[in-house]
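On the provided structure of chain A, position chains B and C as indicated by the hints.
Residue numbers (the working numbering), protein chains in the order written: chain A, 1 to 355; chain B, 1 to 255; chain C, 1 to 307.
Calculated from the structure, these hints are not laboratory results.
Even glycine gets a Cβ: it sits at the ideal position worked out from N, Cα and C.
Fair warning: there could be bad hints in the mix.
[Unchecked claim] Cβ-Cβ distance ranges computed for the label pairs, FRET-style:
1) A/13 / B/30: 38 to 46 Å
2) A/147 / C/5: 31 to 39 Å
3) B/88 / C/70: 56 to 64 Å
4) B/129 / A/14: 32 to 40 Å
5) A/204 / B/88: 44 to 52 Å
6) A/11 / B/129: 46 to 54 Å
7) C/180 / B/88: 56 to 64 Å
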Amino acid sequence: MRLWLQSLTPRALFGLALVAVALLALPFVAAMGGQAWVRIANFAILYIFLALGLNIVVGFAGLLDLGYIAFYAVGAYLWALLASPHFGLHWPFWAILPLGAMVACCFGVILGAPTLKLRGDYLAIVTLGFGEIVRIFINNLNAPLNITNGPQGINLIDPVAIGEFKFSTTSTLFGITFTGPQKYYYLLVLLALAVIVINFRLQHSRIGRAWQAIREDEIAAKAVGINTRNIKLLAFAMGASFGGVAGGIFAAMQGFVSPESFSLIESVMILAMVVLGGMGHIPGVILGAVLLSVLPEALRYAVVPVQKMLFGEVLADPESLRMLVFGLALVLVMRFKPAGLLPSPERRRELAEKV
Amino acid sequence: MSELLLEADAVAKHFGGVKALRDVSLTIRRGEVYGLIGPNGAGKTTFFNCLTGLYVPDGGGFVFDGAPLKADAPHQAAERGIARTFQNIRLFGNMSALDNVMVGRHVRTRAGVFGAILRDRGTRAEEDAIRRRAEELLHYVGVADRAGDLAKNLSYGDQRRLEIARALATEPKLLCLDEPAAGMNGTETEALRVLIEGIRADGVTILLIEHDVKLVMGLCDRVAVLDYGALLIEDVPAVVQHDPRVIEAYIGVPA
Amino acid sequence: MDTFLQQIINGLVQGAIYALVALGYTMVYGIMGLINFAHGEVVMLGTLIAITSITFLIKAGIAVPLAALIGISLSVLACMALGWSLERIAYRPLRHAPRLTPLITAIGMSIVLQNLAMMIWGRNYMIFPPLIEKTQFEVAGASFTNVQVIIVTVAALAMGGLLWLVYRTRLGMAMRATAQNPAVAGLMGVNANRVIASAFVIGSALGAVAGVMVGSYYEIAHYQMGFMLGLKAFTAAVLGGIGNLAGAMAGGVLLGLIEALGAGYIGDLTGGFLGSHYQDIFAFIVLIFVLMFRPSGLFGEKTGDRA
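Pulled out of the complex, with its shape left as it was, chain A reads as follows (with noise of 0.2 Å):
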């Protein structure tokens, strides 16, 4: 680590300390909007968290995954029922989030041995239906052994806690005051921050140039001695515990758990950021999830004052239409930036050579 920052130039250096300063600084600005600010910047670094998972599979090992959310579900039940009155459990979080990796890990080897041998949309296709089969149990698993709490969901989940130091309140370090949602927000940046290295890591590694040879050539990568098999159901797993431990930390953070956060649209969502960002491009991934969390939450408080503005009352209904806006918005990015708005050097220079 200390080699990778000689080798920056005095420029990248300040470059990255600004970076830095903005980080620690955000929760701080964001929370003179309101807490629930900081709230958006949290899930924008939760959504980064998702979106790097799902990077590994569709970006790197070019599989296509509509049921990526799947994962992110058994991560965050995992924690509700272990946590929370629900079953009186009450473990502690360094106990539940590798556990909710290694299940998460295990639901992708489950859903992925038997079907990586299928092509493209297949594969799309079945991910999807093993998402929608993930959600539909949790939505029915209350009767007759009451499991999941079905439909209502399971509340008073335990927030991250070290010892006695709970991240769900406000409290006063070293003389500063951080409400709970910013103290989660630091925690979320070291995450994420964690996830992009190893992100970073695999990509260049042994196995994330073989994921990239199956991407580019299945033939071609068996021949050379890839077992293809084995290499995308790594790809799989690790995506899936990714997601796993993601959902553990929403389920944390949010204290509450229900079917409806696990729809299929949540797969898709996150989908749209890594192929609207720039896919296996990791700062181009990193910008879709920002951009694709923090977008309709902005028009949530821009769709009101503007229609007022300029119509002089509110014509259409806001939460539609701020959908309307971002689904219009994915439409426009893809016509006019088709690899994605921050492609890979490689996409870039591969799309420029079609025109």
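Same frame as chain A, but now just chains B and C:
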């Protein structure tokens, strides 16, 4: 160690009613350059695909390096020491030339996910070794100056050479080349001949499908001729060249 | 035994609807390899347009059969126009874009259409006006209605018409040629743009018909109804082997039957542990199993790896 590297025993493959391979049996000795020729559609590439596990033969099988080859396991074929190139070049187009060859090292290296994430000393050392070996191989086949370019942007001849480098990266005992000289001009073909000679001198056995008769007769120690999926003859080039059945297969009239 | 027969009838009706919608997916996929996620919304709009126009016409004093005819025609025409515009505006510019780009566009269009529908028709369930007097028949302990009979008949006619179009007309031949190899078809003088546009238009027309069927069968409609219906229909198309017309039809009917029988018997099969609210998972479980053993669907062509 047996003198034979590969024994094909009555390998058969059909697609629907078309018999692409009819009980082909042949043997390849260690260290030789073995040519496989025949008119278009004679089953040469199908034979390659069976050998490298991309097709499952409908009958017969292979014994490689003293043990039977598992059908339908291309990655295991590579692991056992069979590498190949493709008639219609199959590089990883959007990866750099160097990365293409580095992928070839996959089967001879170990680093897994945890190594990749932790970047421990062992993983870094392996990664360095992979890179060094890949650079050597690029140099060996003569495309070192294009190491950073995307494979698909290389010239045709360079792509063929890169594919050979990638195959060599798997440390094969048997290198199968599917029409490596196709589309090459005289100079390029000559350079290719020198390259293949060099690879043979390094102790790699070579199975060569080729249409360029001059190249085949000049390079190969022995040649087999396939026609309509059946083996016509397997012998030294001088004999094969003058065999009436071979001439008939190529020209279409009895000689 | 009456449950069995009853579920077969219910499944057949539902399956006929799935099949019609599945055809829209499979035609577009077969020709350009795109999962047109927005197709479910086209079906939804077909239902809602039919409801609004028929209700309006009946209120205006026009006789019900005539109102139905005009309303349904309007709905079909509107959907055809919508399908054409979708292709022209959203997908055509992306024909040479990376593979996932049009998929995201399709998702975006689906979001747009759904929310547009909500802005126009609101969040409430809408009542589909009864078009004919419902009569009930009873055979061997199972009952069915004339509405169900009409749905299955119309679906069969529409599918027959489509097959005729694809296998007996010049346009159909052009479509099959483009599906096989767009470049070569182009060289032979086939206008790919026209072929692709027709696939969208025809698929949307079938979707509108299916939308009217769903509306008159369940008697209610909602701006979110297109989503699950589209998902199921797409599942049916994949089940049959996507890109294959007969496969989509068979897949649709099969899916309808499986769901109906599954919902009818799951309680007995699992000793009451799982109830009929698990109906929706059958589609997906069957799909996963079928694809495990037949990776290209039931009727899909085997596309072997080529070296």
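Taking the numbered hints from earlier one at a time, note which ones the structure violates and give those numbers from smallest to largest. Hints 1, 5, 6 and 7 not satisfied by this model.
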